[in-house]
Structures are given as structure tokens and as C-alpha cells.
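Using the hints provided, position chains U and R relative to the given structure of chain E.
Residue numbers (the working numbering), protein chains in the order written: chain E, 325 to 774; chain U, 2 to 519; chain R, 6 to 398.
The hints are simulated quantities; they were obtained by calculation from the structure and are not laboratory data.
Any given hint could be a false lead.
Stated by the list, open to error - Below are the SDA-like pairs computed for lysine to any residue, each with C-alpha atoms no more than 20 Å apart in a straight line:
| # | chain 1 | residue 1 | chain 2 | residue 2 |
| --- | --- | --- | --- | --- |
| 1 | E | 668 | R | 189 |
| 2 | E | 676 | R | 93 |
| 3 | U | 315 | U | 257 |
| 4 | U | 315 | E | 498 |
| 5 | E | 668 | U | 462 |
| 6 | E | 676 | E | 638 |
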Amino acid sequence: MHRTAAFLSLASIAALGAVSACGTSTSGGSSSSGGGGLSGCHGTITVATDLPLTGGDSTDGPFPQLGAQLAVTQANSNHVLGGCTLNYVSKDDSSVAKNGHDPAQGAANITSLAADQSVVGVVGPFNSSVAEAEIPVASQNHLALISPSNTNPCLTTNQAVPASTCGITTSSLYPGPHTYFRVIGTDLTQGEILAYIAAKQLNMTKAYVFDDQEAYGAGLATIFKQHFASDGGTVVGSASLPGSTTDFSTQIANAQSSGAQVIFFGGTSGNGCGLVRRDEGKAGLTLPFLGGDGCQDQKFITDSNSGSNTSEAEGAEATSAPDATKLSSAQAFYSAYSTAYSSKSAPYNDGKNEPYTPFGYDAMNILIQAIKSVLLSNGGQPPSSTMTFRDDVVQALHSTNYSGAVGQTSFDSNGDTTNPFFTLYKVSSGNWTGVNAYQVDSSGNVSVKS
Amino acid sequence: MNRLLRAFFRPTQKITATGVYTILVIAAAAMVLLGWFLPWFVGPFSEGVGFSPQDAISTAPTGIGTILLYVTGVCMLIVLLSPFVEFTLRARHRALDVRWDMVRAAASVVGLVLTVVVWILVRWINEEPLFGALPNGITTDSAVWLEMYGFGLAAITYGLKRLVLERPNVMFVVGVLPFGVLLPLMFHQAPAFVLWATQSLAIYMLLGLGLNVVVGFAGLLDLGYAAFFAIGGYACASLASPIHGVHISLWMLIFIGAAIAATFGAILGAPTLRLRGDYLAIVTLGFGEIIPDLATNNVFGLTGGPNGISGIDKPVVGSVNFGFNPQWFYWSLLFFSVVVVIMLLNMQRARIGRAWVALREDEVAAAATGINTTTTKLLAFAIGASVSGLAGAFYGAIVSIVSPDDFQFAVSIAVLSIIVLGGIGNISGVILGAFVLTFVIFWALPNLQEWSATLGHTFNVPAISGIDFTRYTFILYGAALIIMMLFRPAGLLPSRARKVELESGIESESLAAVQGRA
Amino acid sequence: MTQESVGVGPTQPLGEAPAPSPRRERKAALLVAPEGLIARHRGSGVMARTAVPAFRTTYGFISHNFPAIIMIGILASVLGVLAQGGPTLMGNQMRNALVLGAIYALIAIGYTMVYGIIELINFAHGDVFTLSGFYAFLIADHFGINKLAASSGFGLLVALVVIFAVSMLLAGITGVLIERVAYRRLRDAPRLAPLITAIGVSFLIEGFMLAFFGPDNVTTHQASWINGNAFTLGAVAVRWTDLFVLGMALVLMFALGAFVTRTRLGKAMRSTAQDRQAALICGININRTIATTFFIGSALAAAGAIIYSINYGSLKWNLGFHVGIIAFTAAVLGGIGNIVGAGIGGFLIGMIYVFGGSLAGGAWSESLIFAILVLILTFRPVGLFGVDVASRS
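Isolated chain E, as found in the complex (with noise of 0.2 Å):
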């Protein structure tokens, strides 16, 4: 009797677990409001984002994370498919065994995306090492990757870079077809940018550069070294230091003796941007700072004015894809995301802490127009066959034109962004404010957008 009734438990128990597996599985909405011609559309659609979560890397990519699953649980609420319904599947890439970012984890979690039949398209990875690693497996599954943040120039193309620098071949990169978008402009552009900014605008021409030991940091530093040089500058010490670094005093004396008119690093905020500009207030120098997109945000204020002067991040200067939060295209998102997410612990709660943010958001929208797109031209239905309907995916992203949060987004035939114009910004009364905004032609020539 015992043994029966702790059956009988344990069965309830096995019972309610099948239940939950099968009341996801019922396709809800039944409005025929919205997603005109899809009111038909029956089933769930599955998306997803694989983007760093924990460790070393909580102070990025849960914000993009948060940008997409509010983009998705906006679609499902205005109806964006019609009948369908979009499902949200959030993979964390991260494992305590590295500390943060894990590009074997980031492989194991796109392969077990692509082997969910219901997956369409992915919102991720947030770093170049992470893709290297899951564009091979998206490609050959015919998945669609969509990266907010990935910059480094080698993952699309090595045409415009010396293959040497990059190490890696698009052919072993895409074994099956091309599958991999970013909505972010390269460092190649940008680093070419800020070269001309820190040579033609600032017109110095010794440079002191730091990076961060990181694929991003590491590989802007040394674009911007070249470019540069080849604008008649010098770059008189260069000091490559790890994320976990605190105190740069040493490297700032460096500087400070080797007649460094400008200082440059090459990394994010959380690995150090900002504690450079403190130390550098701390020796008494007072030297024009510049920096990338991953430099250009509030963690950098906070920083350079956490030391003993308060205001030592005014007139810092930093280069970022068009700066969303000053984007009037953007505040809507940026309201609904502070209104989505306003119980979440800060700096999760408030978007703008993080550049990144809007990026994974305008991704996860593309993602689901190039999905109602595909699914209209489909006659209202979901494709019957998985590869299929992948394959469409990956079709309708290529033409995509969509107006989003950070501004009209089309990508070329290497999946990046067309027309990547990059803008300079300044801190001004502990806030960024816009300079100017740049753009690099065809032919390497760098101009002041007007």
C-alpha cells in the first residue's frame, strides 16, 4: 500500500511535468487582429538568443538578451504572425568553468538549437570568439545568426583585411551557406575612423595605445595603429593589459614620459576604458582620450569619475555606431524596456547602461520581419519542412530594410550592415553628446557626415 502511494506521488508529479511540456506546445493566439494575411497562421515559431549571461560577462550580454526577449514578447502581443505565435528561447554561452563566455558551450548550444526543429533563426553570439566557433554549426544547419555586437572584421570576409591578421578562411568558417548577419559595423571601419579623428580632427600625432587583451580590444588597436600611422602619426607606446587590470598608473607614467599627445584604448568599459581615464587624472595628465563603441557609455563616466575628481571623464571622446540612446528613433524602445523590465535588479533595469542593448533588440526584429515575411509569401503558413523554412529565413534577411531602434539596417551580401556611419561623441556635463558623425567610402577615404 506504501509503495502504491508513494507511486501514486511520484506519478502526480511525473504527470504535472508532462502537462507543462504539453500546455507550451498548444499554438495560442487567436486574434485576427495584426500580421495582416497571417490571421491564418497556425503554430509555434520558435527563436532564440545565445548571448553570455553570467560570470565575467554579466555586465554585457544580459542587455541584449533583454532587448530580444522584449522585441519577441512585443510581437506575440501585437500579433506580428497573425495566428502564429513566437516562442523565446534564451541559451546562456557563459559556464562557470571559464569565468564567462565559452565558445564550446556558445557550439554545444547552437547545435542543440538547430537540432529543435521549430528554431528558425538565432539572435547571437555577442563575442568573435563565441562566433568562430557557432558560425560553422548555423551554417551548415542552414540557421539563421544575427549578432548585435560582433565586430570583428575576419568573420564576414577577409577581402578587406590581410588574411594573416585573421587566421581563420570563410570556406572552413561556412561550410553550407552563408547564414551569418551582424547589425553592427565592423572595427575595420571604425578603427579606421577613429584614426582620422585622432590625426586629422584632434591633429596629434603621438599616440599612446591601450587594448584590452580581448579579440575586440585587441584587433581595434591595432586597425587604429595602422591607420594611424599611415596618417602621419606616431604611436609611441602601446601597453596591452588584461580585462582584470585596476590600476594602469604604471602605463599612464609611461605615457605621461613618452610625450603622448593622445591616449587610445582599444576594449570595453568593463575591462578598464574608464579606469584608465581615472588613473590618468590621478597622475595630473590631461590628454584628449579616445575610444571605440565599446568605450562609449555610462559605465565609462562612473569609472573615470570614480577617483578623487569627480568630473574626470568630461571631454573624453569616443567613437560608437549611431549612439542609440540619442537616437529619437530609439526612445520608444528604451521606454518600453525600462517599463518591461523595472523590477530587474540594476543596471539590468535601465538599457541604456549598455550600448549593446538596442542592437539585440533591432536583431531579434529583424529576425522576426524576415520570419513574417517568409511566412506571407508561404501563403499564410509556416514552410512544412525545417530546412526549408530556414533557408527562406536566410533569404528574406538578405533583403532586409528595416527601421528599427538604431536606424535602417540592410545587409550585404556578407551579412554586415550596409553604409555603417560611426559618430563621435564627447562627454559634456557627465553626459555623452553627439559631435560629429563619419563615414568611410569605398575607396578608404574617411569624411564627416554631414
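Relative to the frame of chain E, chains U and R by itself:
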């Protein structure tokens, strides 16, 4: 019967006998349990239907399905509870009645048969083909296969208990390997398990086995084992990728990588010859930090800097390109793991193994009995490192990129935790530790959020579904390590010799054998 | 890893044969038996039989003169920096090195004390450092201490006294708690078990700080407590903060030195470190002594954290691991178990880090630190200020 009992409690005959038995029994129970609740563990939101009473009741003709499931459930409970009963009794130095072995074996067989029957029944009712890919049947297949795996394993273990205890290693291979080999076929629609097994379990298990040689066998505490992993990984990556234009087949590289790692193991081991205990740990920790640093700084232009080496070649066998198919990697890793385990088991029993034990127990006495401590220590480092070279070669081939981030201190810690948790010096323990800890690190922690969400939705408790587990991963990992160590300081499956030392303060294995204490 | 047999002191290494310990005079603040660090029977050991005599001579020379070699190395790098950027750069870097060194020294002492007394590499110590920094931050922010510090010179003094006293007390309690929960049960377990729990505690504290203080740098508002330059030497500006950091570190270290050598509790600590069983026989309360050690070590880490916070103005959840490992190297450099050695080691590591980093580029400064670590342990495991190895062979 008496002989069986004596075999069971004879402590000296085979150190690993009860260990293997324990692994088989627990694995069987875990598989049965996991299969029952699989829809819960794997993708709660995917559209799979689980192997659970709910499905059977809703699909099978009322009455038959329910009865079958209830019987299966009773079998499951027997398989689940019997290890607990047995180990509780054993802890009190009492034996389980041998008749129970028959009952348990019979229950397992019945469970196995009923699983198949229910499976066919469900498919028949649903008018689905018995085998073959179903778009939404992902978890069903896996659940049934897990149930079959578990019941099958239990049937073998209980039915052939005597053989298991007398020839543990043979039985381990016989009992586990066929299932292991069949696994990717069973799971051909749900690669989550195979993925975990190839990407994390096998790699970390190999690393654990290698580190176990250094720490467990020879007693040399190594806190920078990731350095050797990095050396193996980078060596193989640079010889099979576009970075230097060299493309050597993985099957050659395994040996090259192992040789290179072994060489470095001996080189880095040399400065530590005079050091003991914690001091050795600190030096190895230093190496563990220096090697990834060298890789980051692109030393001699070999390592590709922070980007690492990418585009690593995929292995090819005949006309089969492994590509990104985890099944092929699974089989080859399984094969090499078995080879490594057999190699290490033999080594443990051979002259060198006994030299390691002597060295571990008393270095001065070992030297006095004519053991060359220098070569013995260096061999431990070299052999331990060579296994990580193998793991590094496979890691690069699977993930297709190696970068300095992959070989940080945290990796050394994870591997060390695996062997300490599993039971230092005990190969079965290391394997179990790898199972448990990689499951926690790479499966449970990343999925906790999803599970708690499901749990919360199921029981309609928003407090549970609202917990943001990603914020607490580190706390949970740390707490898990502390709790496991506080309650099992000698590991889950302590090696018999170590256990004797721990409990009675007797230092030598032979003395323990003489006294017959367990 | 083996169980220590009864009668052999806890400071004996693994499986060391219980040979009669030669009675020798111990240095005042040395917490560990120097015999425990290296193989004792060198004559009958491997070295003697297999190594080439020339190798032995070289090894002996380096080992014997290791302090001199390190000093020459540091001096050379100082001169290198002088050549690189003139006296201004050298002066600036010297100031940076001393400030950094003072912080490392305070953390290193905690490592050395715990290792000396229970032979455990307390991986959680670096995280106790960060955590106590956050204690100070919370206290200063929530009880108006920041305003007090900014009000006047006297206010600053009161603020400093309050914040040091309270945070050191809290950190001490944390340390004792950690010992009680995570280490005491495992005192006689296999050696690796407490090491893993130490790492577990480290993850736990880091995870706790990550969850409650967020993933980013947290501004502690303490950098503006002490402002302005004290004086300038040529073009080298020395700030009041720098003087405060240095002075505070030295005062705390001397106070600790006096405590360990002069007080009964200090004596109990030293005897527990030398031989736990014998100390027990002499009527010393082992548990209380070990708890005291953890209390003092953690309190010093708290002092280090406040000093860090006043100097840098921000804290981050994972700061402790990085700083901790470097401080640990300092403890080893000074001879682990040796409190004075750890203090001096901290300053030397600060110099190596700054001057080495200045010359070799920041990318190599950490590798340099760890290379030094490996070299010390290879050639002189007892550290710079331990007992001379060569004279005992």
C-alpha cells in the same frame, strides 16, 4: 550465497569492485529516473511528449496503458530504491538478502519489456512509425531509450552481480559499453545528451583522468593542469588549421599532441622535483597562469593572440567527414576514453603504479627502497599531460577554435574539483565525478532558469518561475563545491586505500590489507 | 593527502618521515617550520646521486644568492626605467610601486598567517578583501560617513577611525565564520578537501557580490576623502593619498608584528603553527587560536580594502581573485609563514609589477610575477627571508 557475500565484503581483492557495482547501480537508477522525467529536463518548451503516465493514459486504451504504466512504475521504484536500501545496510555492515537480487533483476527485466510494450503502444495509437525522425517527437524517443538503458543496465547488474563483483572492469565494459556505443543511435533525434557528452563530459573526463595520474596516483598537487590542456590544444590547432598552412590528420595529431604535451609535462615538472604539497601546487598554478598569458601575447607569432586559432580541420575517416556531427566525435572519444582507462588501470597495477603509490605515501622511504623518484615524478607529469594533449586535440577539432580564454584557472579548478569530488586516485571515481560535475556545470546550471520557470508554471507559483538564476550561478556553484566537500571529503567513490587511511589513520595500503578493514 | 599519523606535527609535509626535528632558533615572526618546505635528506636524495656536479654548483649558487639576484634584478629594472624616461618617470613609477606594494603587503599577510597556522592556501582571502571593501562602502554610504569625511580635518579623522574599526571588525567576523563553516570540519581531512572548499567559498563570495553589487565597477565615493598633493619632488607629484596608503600599511604591519611577538595570543599562534599537537598539550585552545588568526588576517584584508578604495575609488566583484593571486606570490616571495617577509614581499612584488610592466609592456607584467613565483620556489622554496637552505644541507 556465502561466497557472494564474502566477495562483496572482501575488501582487499579488488579495490574497484564495489566501486564499479555502485556506478552501475546508480547509473541505472539515474537513467530510469531521468527517462521518466525527461520532458522536464530537455527543453520544457519544445513540443515533445514525454514517456510518462500522462501520455500513456491519454493515448493507450484506458485501462491497459494505465496498468502497464503502474507496473512499470513499481519496477522503477524498485530500481530506484534498492541502491539506497543496499548502501544504507552496507553502511551498517549488514547485507541485503540475496533473494532480493533475483527480485531486483526480475523487476528490471519486466520494466525493460514493459517500456518497449508501452512505446510500441503509444506509437501504434498515434499512428506513427515505430522508428524514424518525427518533427516533434524529440523527447519521447529519448525518454524511452533512457528507460530502456536504465532497466537494461539494472537487469545486467543485479542479474550478474556475482560476475560484476568478481570481474568488475570486464563487466563494466560489457555492461556499459554497448549502451554507450548505441547511445548516439538511440538519441539520433535528441542530441542534447551526446552533445553534452562530447563537448564537456568526455573532454573533462579525459582531463580528470590525466590529472588523476599526477594528483591521485603520484600525490603531486597540480593547480595548473589547464596549462597542459592549452599546450595540447594549441599544438594540435596550429598543426591542423590555416594559421601556419599545416594540415595534419587528427588521428596523427592525437599522438603528436600527446607527445608534445608529455614533453612539456616533463619540462614543467622538472623545476618542481624538490617541492612538495602546497608548494608544488603554487608552482603549477604559476605555470597555469603563464601559459595562457603566452598564448594571449602571441608568443613567437604562433598562437594568434587573443583571437586564438580558428578554422581547425575536422577529422576524416575514410569518406566520413566528422564535420559538426557530435555522434562521430562521441564514438571516437568513447573509444579513446576506454583506451585511456584501460591504459591507466594497467599502469596503476604495474611497476610504475606501485612506484607512484610509494612516492605518494612516503618519498624518502620510496627513494630508500630504490625507486628513482626523479623519473617516477617526471613520468607522472608526462603521462598526466599526455592525456590532456589528447583531450586538447579533440577539443580543438570539436569546437574548431582554441583561444586563451579556454584555458584559464577556472578550468584547472573544474578538473581538480572533478577528481576530488569523484574520489582521488580512483579511476571509477574520477569518471563518476566527471559525470556529476559536468552535469552541474554544463547542464544543470545553464538550464536552471528554464527548469524553474517550468516548475513555477506547472504549480502556478510565480515566485519560483520568477527567480533569476543567472544571477546566482556562482553562488550555487560555490555552495555545491563546499557542501560536497564537507559531506564527502574523500569524494563520492573514495579509493579503498584512501578510505582506509582516512577512517583509521593507517597509512599504508598493505597494512590495511593485512588488517582487512574497510 | 595522507592522514598525518599521530605524533607527527601538522607542519610536516606529506608523508615526511618523522625524523627528530633539530631544535633551532626560529625567527620571531616565522609562523611555519622551515623544515616543512623542502626535502630534508638532500644528501641521500635524488639530486646527489643523479645530477651533474656543475648543475649542482650552479643551482647552489643561485639558491644561495637568490635574494641578491632578485634585488639586482629589481635594481636593474629601476635603472632601466631611469634610462627609459629619466628621473621623472622613475620617480613616478617608484611612487606607483610603493602604493601598489603597500596594498599587496596587507593582503599577503593574511595569506601568510593562515598558511602558517593551518597550511591552507586560503583562496577565499582575496574575496574577503573585496567583500570587506564593500562593507566599508555600505557603511560609508549609509551612515553619512562620506559627509563627515568631507566636512573637516577632524571629521576625516573620525570617519577613518570609524570606517576602519567597523569594517575590520565585520571582515574579521566574516573570516572567523568562513573558518568555522568551511574549514574546521576538514582540518584533518585529506589535504585537497579544504583547498576545494576554499575555492568554493571564493566562488560563493564572488557570486554573492555579483548578485548584490552588480557586474560593474562600483564607485565607493571614498577617493575624494583625501585630496591634493603633499609635495612635489622635481616633476614627481606625491599626493596625500599616497602618503596615507604607505603610512597606514606600515603602521598596521608593525602593530601586527608587535602583536605576534609580544602578546600571549601571538605566542599561542606561533606555537600552534609550529606544532599543533604540542600546543594542545601545553593547554593552548587551538580552535580559538586559529579563529584569531583568521580574524586578524581578514581584518588586515579589510584595512587593505579601505586603503584600496580610498586610493582607487572603485571596487568590482571579481577584483579579489586577481589581486589575491599577486598578493599570494608576495607571501611566497617573502617566505610563506613569515609575516615580516610577507610585508616586504608585498613591496617587492609592487616594484616588480610596476617596473617590470613599465619596461616590458603591461602584457607581460603578470607573466613576470608568476615567473618570479616559479623561480623562487625552484631555487629557494623558503622565500627570501626564510631560513637559509644551503647552510642546512
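Quiz item: Which hint numbers does the structure go against, in order from smallest to largest?
Solution: Of the numbered hints, 1, 2 do not hold.
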